[in-house]
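Residue numbers (full-length UniProt numbering), protein chains in the order written: chain D, 1 to 454; chain Y, 1 to 454.
Do not rely on the hints blindly, as some may be mistaken.
The list treats identical chains as interchangeable, and a pair is accepted whether it falls inside one copy or across any two copies.
Unchecked claim - Dumping the calculated DSBU-like pairs for lysine-lysine here, alpha-carbon to alpha-carbon at most 30 Å:
#1 K211 x K288
#2 K362 x K288
#3 K118 x K388
#4 K107 x K358
#5 K420 x K118
#6 K209 x K23
Source of the hints: derived by calculation from the structure; they are not laboratory data.
Residue-level listing of the chains:
There are 2 protein chains.
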Amino acid sequence: MEEVKEFENIKEFLLQVIEDYKKNENFDFHPYDLAEHLLKLRDSNYDEYEYVCKKIPSELFAEILCEMPTYVQEEIPTVISSKKIANITSKMDSDDASELIYNISQKNEEKAQNILSKLDDEDQLVIQKLNSYEENQAGSYMQSELFSVYLYEKIDVALKRLKKLKEEDVLDNVFHAYVVGKKGRYIGSIGLEELIVFDRGLTFNDIPKDKIKTYSCSHFSDISEVAELVTNYNLSAIAIIDKDKLVGRITHDDIHDVIQEQNTKQLYSLAGVNDDAEQEESMYRIGKNRAFWLGINLITAILASIVIGLFDATIQSLVALAVLMPIVASMGGNAGTQTLTVTVRQMALGDISYTDAKRTIKKEVVISLFNGFLFAFVIGVIAFIWFKLPLLGVVIALSMVINLFSAGFFGAVIPILLEKFEIDPAIGSTVILTTVTDIVGFFSFLGLATIILL
Amino acid sequence: MEEVKEFENIKEFLLQVIEDYKKNENFDFHPYDLAEHLLKLRDSNYDEYEYVCKKIPSELFAEILCEMPTYVQEEIPTVISSKKIANITSKMDSDDASELIYNISQKNEEKAQNILSKLDDEDQLVIQKLNSYEENQAGSYMQSELFSVYLYEKIDVALKRLKKLKEEDVLDNVFHAYVVGKKGRYIGSIGLEELIVFDRGLTFNDIPKDKIKTYSCSHFSDISEVAELVTNYNLSAIAIIDKDKLVGRITHDDIHDVIQEQNTKQLYSLAGVNDDAEQEESMYRIGKNRAFWLGINLITAILASIVIGLFDATIQSLVALAVLMPIVASMGGNAGTQTLTVTVRQMALGDISYTDAKRTIKKEVVISLFNGFLFAFVIGVIAFIWFKLPLLGVVIALSMVINLFSAGFFGAVIPILLEKFEIDPAIGSTVILTTVTDIVGFFSFLGLATIILL
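This is chain D alone, in the form it adopts within the complex:
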């Protein structure tokens, strides 16, 4: 992105790019980079951003807008006219177009309908169809643009059609020819790398069956299952079917986005953050959502405090306990988080499943106990030296073993159980776990102190 430097500012640079595009002169910018520049301009000078947006030709804008985040798509009706948005939408692939209309409708349903009504009937139908799927269904991710060929068609005839589609620029990322039979029945796909070497006089029916791959997913499939299939089998694209009829395809770059979203969701969930809310521009909404998880954390912290309150007399008679007690809870919380994170991740990657539960729990308990004994010794010696009380060292050592054992056990059990009950193990695991390690930590330490020291 060095190109900007020679221009006074991003605005001038983008206007020059637009001129080049119109003249089709030296135009070798990727829409992703232009989207990045435009976003920078939007952040630094909104008026200039609006000005530039109005100048971008629809065809180029269609490519740029696909690369823009949700919140920019949502607000685009405040920047350019409905007519232009309709024009832009008509130049997009169906999956991008339906996403744009969906995003606009989230802010302003009426405006979205208005834009939709300006499209031709066929585009309207496709977008309405794609937006009728649930958010997690394969159908809402697919594009209807694909290279389909008829089983008894000559390869030559099909390739001439492809040529025309490419010339009209309506088809991108063509990895396969999708072979269909009568009434659009999906038969299978053949990679272009296979197809390209066949005699063009043959029909698709003449191609050996082992070259035709039958992978497909239902339009109602959960997108995470589709993502798993595509990544496990290293596919470039997958056919989406409605019963036995071919209705669309999902390409690897869309699957990549799905996977990155899943990763963000997992990471955020473990930290008590909602990934959808974080994408909002409104700090109030982000804050409100984080407050929800902080509220739950407050309840669990109060539970831990109640446990401490049970032993107020013990603490009164030996304040050293108050000084040391956060150590046991903190070590338990950390060891538990280690176990929990590894378990959640390995379940998500498919490395472990409910059937391996016993083995996973055993492994985690052994590791935690190993570290429990190690740190029991260390902290026992430290407490003894610090407070000159040998028995205090014994108490904290014992409670360290107990708490790290329970950290390992519950760190593995909680996500496995949530998964079994079909609850996302990333959501809520952390808060349940720290409740356990706090309560076990304080209870074991102060309880043992009451028995042994008083």
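Based on these hints, arrange chain Y on the given structure of chain D.
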């Protein structure tokens, strides 16, 4: 994977699959699924696993072994003979072959050399070349198998060569023809979807320049930069060059693996877990590595304890402080983790950078203060009701605001600063942050109590 059920066990099933494969009869299994079955067998009955491994033909094993985790590749010399491993290696793509040899060498360097020596000279050279790259360099991920064409060659001649390569099964996932000039100089790539519609009598030089994409990365590029380029531009594969010479390519499925590894690393680092160590089979090594981070956590927990120790007289005179003090620290830790996780993730996704630092910090501070005031009110009222001490409510409320403010501030600043000093912000951020929130939490609460309540 239902197919197994009709067989008595996995072993019988796999042996049948092998028979079918040899007879080339109804063979439509994906190597990924066979690898999964084989892993299951390995876990349940190692002897049967070894027995089956010895029966798998080399060509099929080459495909299966690519799908197996590192630890299985490492131990494979204990399961099958060096000669067979050499045979399997020779059937693999160069990137998979070099990875296998590398993994074996990690356990047994001599064995790896022995296997390598059994390969033909060309394979040996390629594998040695790929394994000479650093782990993070593009070169160590590339495969040398690709469809390269000469600029002045006729398309027809090139396609005949492709046909032969496909028949010999040495080339997979061909998305592009890579056009080279004299002395292997890389000119650009043309997608098969473009190429397939051109007249086969033309040469590659006759193809319009805008169809030839010049994207490429140096073999010394950091793999994370390559991954960024491929995903931002939605590429299927990228050319890897040594100066101006084409030396290999990296395909989208390999990039997918890189990204998943990065995601795992990020998630694990935030939880104080090392991703490489977790892949070990030895529980001792996993435990040792986790102990490292627990040890650092112990030090920070002791620091927090020392802070508490400064106020032992205050606690002695009001034990309610010991009961309530974990609440402030816990809320600070949680709010800070929310901020930290969002900041680390958005930096990794490229959504924010050092130049946005001010804006990010401001946003996070505002959100934290919003929640700070909210929960200050809630906990203030609870503490007042619980202990019937209005001033105790004031103390905890004030310290909640202070601690949530510092949680938001440091949760954003720490990863941004680490990134600036080119330290991975995911590693170590959490432990620095919780040290801050613990110390600020205990110090502000107990300090304010000493001033206001005594």
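For each hint, the structure was consulted:
1. K211 x K288: Answer is neither; intra-copy 54 Å and inter-copy 50 Å both fail.
2. K362 x K288: between (39 Å within a copy, 17 Å between copies)
3. K118 x K388: neither (82 Å within a copy, 66 Å between copies)
4. K107 x K358: between (48 Å within a copy, 28 Å between copies)
5. K420 x K118: neither (48 Å within a copy, 49 Å between copies)
6. K209 x K23: between (47 Å within a copy, 16 Å between copies)
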